[in-house]
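Asker: With the hints as extra help, turn the sequences into a complete structure.
Letter by letter, the chains look like this.
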Amino acid sequence: GQNIDQPTEMTATEGAIVQINCTYQTSGFNGLFWYQQHAGEAPTFLSYNVLDGLEEKGRFSSFLSRSKGYSYLLLKELQMKDSASYLCAAPRGSNYQLIWGAGTKLIIKP
Amino acid sequence: ETGVTQTPRHLVMGMTNKKSLKCEQHLGHNAMYWYKQSAKKPLELMFVYNFKEQTENNSVPSRFSPECPNSSHLFLHLHTLQPEDSALYLCASSQDPVGGGTDTQYFGPGTRLTVL
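Chains A and S supply the protein sequences, listed in that same order. Read in my numbering, the first sequence has 635 at position 70, and its numbers run on one by one without any break. Read in my numbering, the second sequence has 94 at position 103, and its numbers run on one by one without any break.
Think of the hints as simulated: they come from the structure by calculation, not from any bench. A portion of the hints provided could be inaccurate.
Unchecked claim - To be clear about the criterion: a stretch of chain S counts as covered by chain A if any three or more of its residues have a C-beta under 8 Å from a C-beta of chain A, and this derived list gives those stretches:
(1) 24 to 37
(2) 93 to 101
Unchecked claim - Mimicking SDA-like on lysine to any residue, the simulated pairs with C-alpha atoms at most 20 Å apart in a straight line are:
(3) S:K27 - A:Q662
(4) S:K10 - S:P57
(5) S:K32 - A:T578
(6) S:K32 - A:T591
(7) S:K27 - A:N586
(8) S:K43 - S:Q86
(9) S:K31 - A:H603
(10) A:K646 - A:E579
(11) S:K32 - A:Q590
(12) S:K32 - A:K646
(13) S:K31 - A:E574
(14) S:K27 - A:R657
(15) S:K32 - A:N586
As the list claims (entries may be wrong) - Among chain A residues calculated to face chain S with C-beta under 7 Å, some are:
(16) F610
(17) N614
(18) P656
Don't be surprised by glycine CBs; every beta carbon is placed ideally from N, CA and C.
Answerer: Here's what the structure looks like:
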């Protein structure tokens, strides 16, 4: 089957670093997305990885290992505003559909 | 207005009511999507429209009826809903659906629907 797994909830401290993991099983591979969703708001695009390795965008980085079916989102210098759900998603194959994880709720404590 | 807008933001309706959700995208995109988001569950794709034509219907009950009059507007007509239909309904758009799902989707803020 095709599915995406990510932890339900994580807690971290302001100023620290946190890694949110995502494992996926899809038929074929066409990249992996990360989205951020604050409570009551729209999911917003963070990153899209199609090649192995780490891609850095400021405080956020995303890593992909295609051989392991694994990705992670790395958040550095955590700020209170980073408290949100982080959604992992991958294209299902040759159609327009994305398979979504249930999201990881990240709680930042002072 | 920029991005993707949705109205209303909140909706409470009885099981016998008829209501409609509206989505508008100001990004010049060609594809639009309806998703259902329930607590602690993955986003569920409901419908996809590509150049105003419906291309996906993921076995959605007929009490949900989509309408796409043009590439910028998308509606979801609701009729005889059940309490389990209570959820956040998200609209999204993307530039080029031919990319097979690899095109970034941009979401609206959603409509929080409660069915009594």
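Asker: Each hint needs a verdict: does it hold in this structure or not?
Answerer: Hint check results:
no.: 1; hint: 24 to 37; result: holds (count 6)
no.: 2; hint: 93 to 101; result: holds (count 8)
no.: 3; hint: S:K27 - A:Q662; result: holds, 14 Å
no.: 4; hint: S:K10 - S:P57; result: holds, 12 Å
no.: 5; hint: S:K32 - A:T578; result: violated, 26 Å
no.: 6; hint: S:K32 - A:T591; result: holds, 18 Å
no.: 7; hint: S:K27 - A:N586; result: violated, 24 Å
no.: 8; hint: S:K43 - S:Q86; result: holds, 13 Å
no.: 9; hint: S:K31 - A:H603; result: holds, 14 Å
no.: 10; hint: A:K646 - A:E579; result: holds, 10 Å
no.: 11; hint: S:K32 - A:Q590; result: holds, 17 Å
no.: 12; hint: S:K32 - A:K646; result: violated, 23 Å
no.: 13; hint: S:K31 - A:E574; result: holds, 10 Å
no.: 14; hint: S:K27 - A:R657; result: holds, 17 Å
no.: 15; hint: S:K32 - A:N586; result: holds, 17 Å
no.: 16; hint: F610; result: holds, 5 Å
no.: 17; hint: N614; result: violated, 11 Å
no.: 18; hint: P656; result: holds, 3 Å
Hint violations for this structure: numbers 5, 7, 12 and 17, all remaining hints satisfied.
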